[in-house]
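All chains, please: the whole structure from these sequences, using the hints.
Going line by line, the protein sequences match chains W and Y.
Note that my numbering has the first sequence beginning at -11, numbered continuously upward.
Note that my numbering has the second sequence beginning at 20, numbered continuously upward.
No wet-lab data here; the hints were simulated from the structure.
Small disclaimer: the values here were computed from a predicted structure and weren't measured.
Don't be surprised by glycine CBs; every beta carbon is placed ideally from N, CA and C.
Treat the hints with caution; some may be incorrect.
Stated by the list, open to error - Covered stretches of chain Y, as calculated for chain W (at least 3 residues, CB under 8 Å):
id, stretch
1, 27 to 36
2, 65 to 74
3, 88 to 101
4, 123 to 135
5, 151 to 161
Said to hold, decoys possible - With a Cα cut of at most 20 Å, we get these calculated SDA-like pairs of lysine to any residue:
id, chain 1, residue 1, chain 2, residue 2
6, Y, LYS54, W, LYS560
7, Y, LYS54, W, LEU32
8, Y, LYS54, W, LYS11
9, W, LYS659, Y, ARG144
10, W, LYS62, Y, SER152
11, W, LYS656, Y, ARG144
12, Y, LYS54, W, LYS659
13, Y, LYS54, W, ARG36
14, W, LYS659, Y, ALA22
15, Y, LYS54, W, ALA121
16, Y, LYS54, W, MET37
17, Y, LYS54, W, ARG120
18, W, LYS656, Y, GLY153
19, W, LYS246, Y, LYS54
20, W, LYS11, Y, LEU136
21, W, LYS656, Y, GLY143
22, W, LYS11, Y, ARG114
23, W, LYS656, Y, SER152
24, Y, LYS54, W, LEU27
25, W, LYS560, W, GLY10
26, Y, LYS54, W, ASP19
27, W, LYS762, W, LEU658
28, Y, LYS54, W, SER119
29, Y, LYS54, W, SER118
30, W, LYS659, Y, GLY143
31, W, LYS659, Y, GLU95
32, W, LYS656, Y, GLU145
33, Y, LYS54, W, GLU419
34, W, LYS656, Y, HIS150
35, Y, LYS54, Y, GLU95
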Amino acid sequence: MSKANENSQTLSELDRPNSYIGKSVPRPNLDRLMQGRGLYVSDLELPRMAHVVFVRSPHAHAKIVAIGTSAAKKIPGVVAVVTGEELSAVITPWVGVLSHLKGLKSAPQRAIAVERVCWQGEAVAAVVASSRAAAEDAAEAVTVQYEELEAVTDMRTALDSATPVIHSSLGDNLAFERTLDAGAVDAAFSGSDEIVEAEFVFGRHTGVTLEPRSVVADWNAAEARLTIYQGTQAPHMVQNIAALHLGLEEAQVRVVCKDVGGSFGIKVHIYADEMATYALSKLLRRPVKFVADRIESFNTDIHARDHRCRGRIGVKRDGTITAFEIDDLTGIGPYSMYPRTSAIEANQVVNLVGGPYTTKNYRARARVVFQNKNVMCQYRAVGHPIACSVTEGLVDLAASRIAMDPVEIRRRNLIADDAYPCASASGLRFELLSHHTSLNKLLAMMNYDALRAEQAELRKRNIHRGIGLASFIEVTNPSAAFYGVGGAKISSQDGVAVRLDAQGAVICQTSITEQGQGSESLTAQIVGSVLGVSMERVRVILGDTDQTPYGGGTWASRGAGIGGEAALQAAKILRRNILDVAAAILQSSPAELDIANNMIVNAFDVTPRMELRELARIVYFRPDTLPPGIQAELMATRHYVPREYPFAFTNGIQASWLEVDTDTGFIKLLKHWVVEDCGTLINPQLVDEQIRGGVVQGLGAALFEKCIYDERGQLTNANMADYLVPMSGEMPDIDVGHVVSPTSESELGAKGAGEAGTAGAGASDSNAVNDGLKPFGAVITEIPLTPQVVLTALKRI
Amino acid sequence: MTAPLSISLDVNGERVEAHVSPRINLADFLREHLKLTGTHVGCEHGVCGACTVRFNGEIVRSCLMLAVQANGSSIETIEGLSDSGEISDLQAAFRERNALQCGFCTPAMLITAQDLLKSEAEPGREQIREHLSGNYCRCTGYQAIVDAVEATAKARKNRNKARAP
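Here you go:
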């Protein structure tokens, strides 16, 4: 049977009357969260649990001369005051490198600093006490004597010979460099009618999960087992890393993840203070809880972006883009993060620039440098917003130079919808994308021509509105090519176990995790559809390394495409097993039977034959009545990992409509549109909400969010009043449309959708602002687009 | 003065007597002493709104108030509002519209939305957005929340019309 036939048969199986695939059914178990009865790690209490508070460095770079703990130890309620040196007895240091990122280097990082601190906020001592308040009191009594060292803060001078080297053993401050030269770039530029250049600047920002990072570590000395309760996106990764550095077998570590108050990539890493908390529990032989406060979140949750990227585009007068060239520089803090490394974002920028377009001429250099600032790493849409803003910004600048409409230049250069499979200039392999269909759909949704007319009319009245477009591609469903090939023990496969319980309901254990995206819902939808069981009779268990199959978790837009396919395959096996038993009981054949509405039915006319509840009763309690030789297997497990393509690329396009107040520099967002193509839509509403949430995170970066460091490496706005995030009052309504190009690598055909919104929102906003400011000849290539940036571009200040 | 003080207050209709440290804020008191963990702590400086509760009928940020200041008051938390059924229609609208993802902001968002709906029979979208502006949500992008609040307002208005003679 051909693959296409197999797919059509499966899809028809999923498309039965009681199928949930493609339906916007509500997520299960929302009442728990809406009634305040969720269980976030910050809510958790265990017997004998102590609380840890970290004493953190006020300096960006300093030698630790002495730590005085005796006064702190005398404070009532204090259990222990532990320095980095003391903690080294139970936990080993780590180095955040991966072998496939050639040349990437970093220095050993410790759970608590020893001898030297490398960023403001790095922990120098831990205070453990019976209450958080007591620990905070005692932390103030810890005295640390520092000898301040020169801080490396400007990425532009980090590689200069006059700049101190942060880790002398590494020789310089260059963590990673990648170059790429594809096609014939110089020839393409010299054959261009116009060449446009710009420098794009991206502010450092961070995820601001509403629940700060939290962990409860519980070392049970009698069991010789560590249970880690943590809001994490990747429980098995945490299990592996904790075991490795505490000298344990993985079987001695259980990671439990209940409700998680926001993640966005912030909670997919291993942080030094979390490692310290695991180690403290082992050292003190009791449960220890760490909940970051908001200042700690700003100072230690990974930051992202902070790129300066010079870009160049060549274009012919007919609109043909001849070449792209970029030179990207990013500063990642003093260490490459563990275990995913801090080189991935720059690497993605090199991969993704120019991705939607046909030109094969592309040259890139990316350099990643160390600084004495907080660590940077992968945050939602890793690299995409940079690559998209640079690419789309250059395309708009080129269009403007040759006086072509931004839509027209895209039409002439986006990869044709019938050109697949094909590859990008950087070597990315595309199975099936839909740039042109998406563009056309977007233009219809936003009524582009009418909007242009409105814009022209308003300009006459000195009202300056702009339209901005941004095409994008998105990396989803990553295979082992992302981390596994570089030596990281981060699984790219996921597993699902499905079983029929003794009352005919279904219990499903999956290795993907839930942070609100709808992992539980999509799993129940798929399993319910395949099994013919109503969704409310499917219970999904996630986030527990003792309970679920082994797998990667939920990150990089992989839950639906990878975990969903594993659920589909597991449910198909269970369905076959159920029908085998049913046929034996009913003296029929499996082919003559089906399951619908929680009942075994006749395949040809859906006449009910037996409730699943009854089948389960017989199998579990009266197996003696089954024919000889029948052993029912009412549990099935399947795993899945993409093998044909390293990544399932998706695509889409966004548009912004906004107004620039040229007197105050304020930008008012009026409307936002997105068309994206994530393949099979399991639950359209959940996909739409992923897109909307992603867009608003992208808009936050575009307009407000920036970690502002001074020249000494002090983060000056580490609180929610000074670090601005989008609020409901200033966000626009966002219309979302879809084009559906399923991946044929899986039966389900689903790709990811978690990054799409964030990938293109900033680019479309920047382009819209520049479009609005056209009458002034002002061009801005920097985000966030604060009033100061806008007024400076307008030469008003 | 750091010696514990006695306080007496009404929480979700139950009388509560407690000895508290004068420095403990209302959010920590509700969470740690009464185990009402539906009140969430997101920033501890009065910006994110996740700790919103009702204090004598008015919404307040419980991280900006000391527990001792609540002496003699009536406090309502998400647990109380859920059990009384006062916001069951709003919760249903949130569920239908997927107006929550991680759910961390949701209890406070519901309390703030109900505060608006009590004073405005049919608020416009801009008014809803404005009223919810003190409650941060990092997951949804807000539109689904605005939709759910708008739908609840309309449904309540229609219900009241149907009831009218």
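Each hint tested on the structure:
1. 27 to 36: Coverage by chain W is violated here, the residue count being 0 at a Cβ distance below 8 Å.
2. 65 to 74: holds (count 3)
3. 88 to 101: Answer holds; 4 residues pass the 8 Å Cβ test.
4. 123 to 135: holds (count 5)
5. 151 to 161: holds (count 11)
6. Y:LYS54 / W:LYS560: Given that 20 Å is the threshold and the Cα spacing comes to 43 Å, the pair is violated.
7. Y:LYS54 / W:LEU32: holds, 10 Å
8. Y:LYS54 / W:LYS11: violated, 38 Å
9. W:LYS659 / Y:ARG144: With Cα atoms ~14 Å apart, LYS659 (chain W) and ARG144 (chain Y) stay inside 20 Å; holds.
10. W:LYS62 / Y:SER152: violated, 45 Å
11. W:LYS656 / Y:ARG144: Holds: LYS656 (chain W) and ARG144 (chain Y) sit about 16 Å apart, inside 20 Å.
12. Y:LYS54 / W:LYS659: With a Cα-Cα distance of about 42 Å, the restraint between LYS54 (chain Y) and LYS659 (chain W) is violated, given a limit of 20 Å.
13. Y:LYS54 / W:ARG36: Satisfied, since the Cα-Cα distance of roughly 17 Å is no more than 20 Å.
14. W:LYS659 / Y:ALA22: With Cα atoms ~55 Å apart, LYS659 (chain W) and ALA22 (chain Y) exceed 20 Å; violated.
15. Y:LYS54 / W:ALA121: Status holds; Cα separation ~17 Å.
16. Y:LYS54 / W:MET37: With Cα atoms ~15 Å apart, LYS54 (chain Y) and MET37 (chain W) stay inside 20 Å; holds.
17. Y:LYS54 / W:ARG120: Roughly 16 Å separates the two Cα atoms, so the pair holds.
18. W:LYS656 / Y:GLY153: holds, 19 Å
19. W:LYS246 / Y:LYS54: holds, 18 Å
20. W:LYS11 / Y:LEU136: violated, 30 Å
21. W:LYS656 / Y:GLY143: Within the cut-off at roughly 18 Å; holds.
22. W:LYS11 / Y:ARG114: Given pair LYS11 (chain W), ARG114 (chain Y) holds - Cα atoms ~15 Å apart, limit 20 Å.
23. W:LYS656 / Y:SER152: Given that 20 Å is the threshold and the Cα spacing comes to 15 Å, the pair holds.
24. Y:LYS54 / W:LEU27: Measuring from Cα to Cα gives roughly 12 Å; hence the hint holds.
25. W:LYS560 / W:GLY10: holds, 18 Å
26. Y:LYS54 / W:ASP19: holds, 18 Å
27. W:LYS762 / W:LEU658: Judged against 20 Å, a Cα distance of about 18 Å means the pair holds.
28. Y:LYS54 / W:SER119: Holds, at about 15 Å.
29. Y:LYS54 / W:SER118: holds, 17 Å
30. W:LYS659 / Y:GLY143: Distance of about 17 Å is within 20 Å: holds.
31. W:LYS659 / Y:GLU95: violated, 37 Å
32. W:LYS656 / Y:GLU145: holds, 13 Å
33. Y:LYS54 / W:GLU419: Distance of about 52 Å is beyond 20 Å: violated.
34. W:LYS656 / Y:HIS150: holds, 18 Å
35. Y:LYS54 / Y:GLU95: holds, 14 Å
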